Amino acid sequence: MTLNPSLLYLIQTYTVLAGWILFAVIFLFRRKQTPEKSKKSEPASIIGIILQGIALGLVWLGRPPLTPILPLGVWFEIFAAVLAILLVIASLWLMSAAVCALGKQWSMQARVLEDHALIRHGPYRIVRHPIYTGMLGMLMAAGLTWTHWIGFVASVLFFSVGTIIRVRSEEKLLREQFGAAFDDYKRKVPAVIPLKLTR
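Residue 40 in numbering that gives the first Met the number 0 sits at position 41 of the sequence shown, with consecutive numbering throughout.
Hints should not be assumed to be uniformly reliable.
Unchecked claim - The list that follows gives simulated cross-link-like pairs (lysine-lysine, DSSO-like), each with its CA atoms no further than 30 angstroms apart:
#, residue 1, residue 2
1, LYS171, LYS185
2, LYS187, LYS103
3, LYS103, LYS185
4, LYS171, LYS103
5, LYS171, LYS187
As the list claims (entries may be wrong) - Ranges of calculated distance between the beta carbons of each label pair, as one might list FRET restraints:
#, residue 1, residue 2, range
6, ILE45, ILE125, 21 to 29 angstroms
7, LEU21, LEU194, 49 to 57 angstroms
8, PRO189, PHE75, 27 to 35 angstroms
9, GLY102, GLY56, 37 to 45 angstroms
10, GLY102, ILE192, 23 to 31 angstroms
11, LEU9, ILE45, 37 to 45 angstroms
12, VAL24, THR66, 27 to 35 angstroms
13, THR66, LYS187, 40 to 48 angstroms
14, PRO193, LEU21, 19 to 27 angstroms
15, LEU71, GLU175, 45 to 53 angstroms
16, ILE192, ILE53, 16 to 24 angstroms
17, PRO193, TRP74, 39 to 47 angstroms
18, LYS171, ILE49, 16 to 24 angstroms
I should point out that these hints are in silico values taken from the structure, not numbers from a laboratory.
These numbers were taken from a predicted model, which means no experiment stands behind them.
Where a beta carbon is used, it is the ideal one built from N, C-alpha and C, also for glycine.
All chains should be modelled from the sequences, with the hints used to inform the complete structure.
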């Protein structure tokens, strides 16, 4: 059986593209809820949002069709295609489950509500910021599929800085709101990458 690189490329490209469309649907066309009164917000998180937005734009700096991000042979292309598709599926599940778990607490800007709850179920058992984990997965999938390597590196850098800013802004509010309960949660669950690097 001979591998058809064109067919593999098309399957990978259209799957990842469909994933990005669903990604936009999850956030841009999400049903508006009745505005909730914020107890406190963190304006600094807006800088992180802007940087993440730049990162999402940079992944569309494409490379020539049928050109792998690294010239490492046909088996790397197969691996990249399978990995990109799996990343899209996992990322979409993670983000949609996170939005559902947050409910009315979900917001673009860092804030806490008057009746805010510390969410620890669903994807929040895996990482403290599953939406950012999912966004990173979508960036990786695009990078493996169509992004020029320069755009991919720049995208990851902008996304990393933006995410650090947003995580710090959000966790500052959560620590003020929940104190020791949040500190315990932070010790047990990693922030964005689902790996515990320390005991």
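Hints versus structure:
Among the hinted pairs, LYS171 with LYS185 is consistent with the structure: their alpha-carbon atoms are about 12 angstroms apart, no more than 30 angstroms. Distance check on the hinted pair: LYS187 and LYS103 sit about 25 angstroms apart at the alpha-carbon level, within 30 angstroms; holds. At roughly 22 angstroms between alpha-carbon atoms, LYS103 and LYS185 fall within 30 angstroms of each other, so this suggested pair holds. The hinted pair formed by LYS171 and LYS103 meets the criterion: a straight-line CA distance of about 20 angstroms does not exceed 30 angstroms.
With a C-alpha separation of about 17 angstroms, the suggested pair LYS171 and LYS187 falls inside the 30 angstroms cut-off, and the hint holds. At roughly 27 angstroms, the beta-carbon separation of ILE45 and ILE125 lies within the given 21 to 29 angstroms, and the hint holds. Judged by the Cβ atoms, the range 49 to 57 angstroms given for LEU21 and LEU194 is violated: they are separated by roughly 26 angstroms. PRO189 and PHE75 have their C-beta atoms about 28 angstroms apart, which keeps the hinted 27 to 35 angstroms range intact.
With their beta carbons about 29 angstroms apart, GLY102 and GLY56 fall outside the hinted range of 37 to 45 angstroms. Range check, GLY102 to ILE192: Cβ separation about 25 angstroms, and the 23 to 31 angstroms hint holds. Taken as a hint, the range 37 to 45 angstroms holds for the pair LEU9 and ILE45, whose Cβ atoms sit roughly 39 angstroms apart. Checking the proposed 27 to 35 angstroms range against VAL24 and THR66 shows it holds: the Cβ atoms sit about 29 angstroms from each other.
The hinted window of 40 to 48 angstroms between THR66 and LYS187 holds, with their beta carbons roughly 43 angstroms apart. Here the CB-CB span from PRO193 to LEU21 is close to 21 angstroms, well matched to the stated 19 to 27 angstroms. Judged by the Cβ atoms, the range 45 to 53 angstroms given for LEU71 and GLU175 holds: they are separated by roughly 48 angstroms. About 21 angstroms separates the C-beta atoms of ILE192 and ILE53, a value consistent with the hinted range of 16 to 24 angstroms.
Judged by the Cβ atoms, the range 39 to 47 angstroms given for PRO193 and TRP74 is violated: they are separated by roughly 26 angstroms. The beta-carbon spacing between LYS171 and ILE49, approximately 19 angstroms, falls within the hinted interval of 16 to 24 angstroms.
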